[in-house]
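There are 2 protein chains.
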Amino acid sequence: MAAKTLEPPYYAVIFTAKRKGEDEGYGATVARMQELASKSSGYLGVDHARDNEGFGITISYWKDEESISSWKKHEEHKQAQQNGKDKWYQYYSIKVCKVEREYSFTSIKS
Amino acid sequence: MAAKTLEPPYYAVIFTAKRKGEDEGYGATVARMQELASKSSGYLGVDHARDNEGFGITISYWKDEESISSWKKHEEHKQAQQNGKDKWYQYYSIKVCKVEREYSFTSIKS
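So the protein sequences, as listed, match chains A and B.
For the first sequence, the numbering used here gives the first residue as 51, with consecutive numbering after it.
For the second sequence, the numbering used here gives the first residue as 51, with consecutive numbering after it.
Be careful, since some hints might not be right.
If several chains are the same, the list does not tell them apart, and a pair holds so long as it fits within one copy or across any two.
Claimed, not checked - Listed next, the in silico BS3-like pairs over lysine-lysine satisfying Cα-Cα at most 30 Å (straight line):
| no. | residue 1 | residue 2 |
| --- | --- | --- |
| 1 | 159 | 135 |
| 2 | 89 | 123 |
| 3 | 113 | 68 |
| 4 | 68 | 159 |
| 5 | 70 | 159 |
| 6 | 135 | 70 |
| 7 | 137 | 159 |
| 8 | 148 | 128 |
None of these hints come from the bench; they were simulated from the model.
Using the sequences and the hints given, assemble the complete structure.
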């Protein structure tokens, strides 16, 4: 993830969500939102993992609150948010966080 | 997740990690750490998801920085951290964040 090399402080948006079963355009929209977000001002990167029961975590990283606000208001993104509520998610939670410090580890052993 | 009902500000520790293939006591340690963390002062909850390629995200939620620091120094947890470096992880990153605001959605449709 690109954010590995970032210097705090910056912002993280933690999106935790439980999906319903059907795709209903979900996969295509995720790919499109990824593409749009990556071009949005202040975008720094994303981490994503989903388990086999449909519970997923997506964390996007942003330079500041202004860049988060700008992405939230993007017209195509707003439509995707509405579809998320109407079709894709049983529930979700969004947490806006300021990353204050960070450290990482890479194994030298295989 | 318990943190759904929390009132910001509080803290989140984002742990993103790529595992190596073998278990080597990993599963048992995760269960034990979960148990210990949940009894640690200031613990508020946890979210976790891992994909099929061994990339996982664990986010633990804490009342304040002091509770994060206290859990980090727990003796059994320190041993687990060392095992993580020696045996379980190809790489990991830890981000300490202040959760500033939060909102959630629950579908009324099945």
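| field | Contradicted hints - numbers only | value | No hint contradicted; all consistent.
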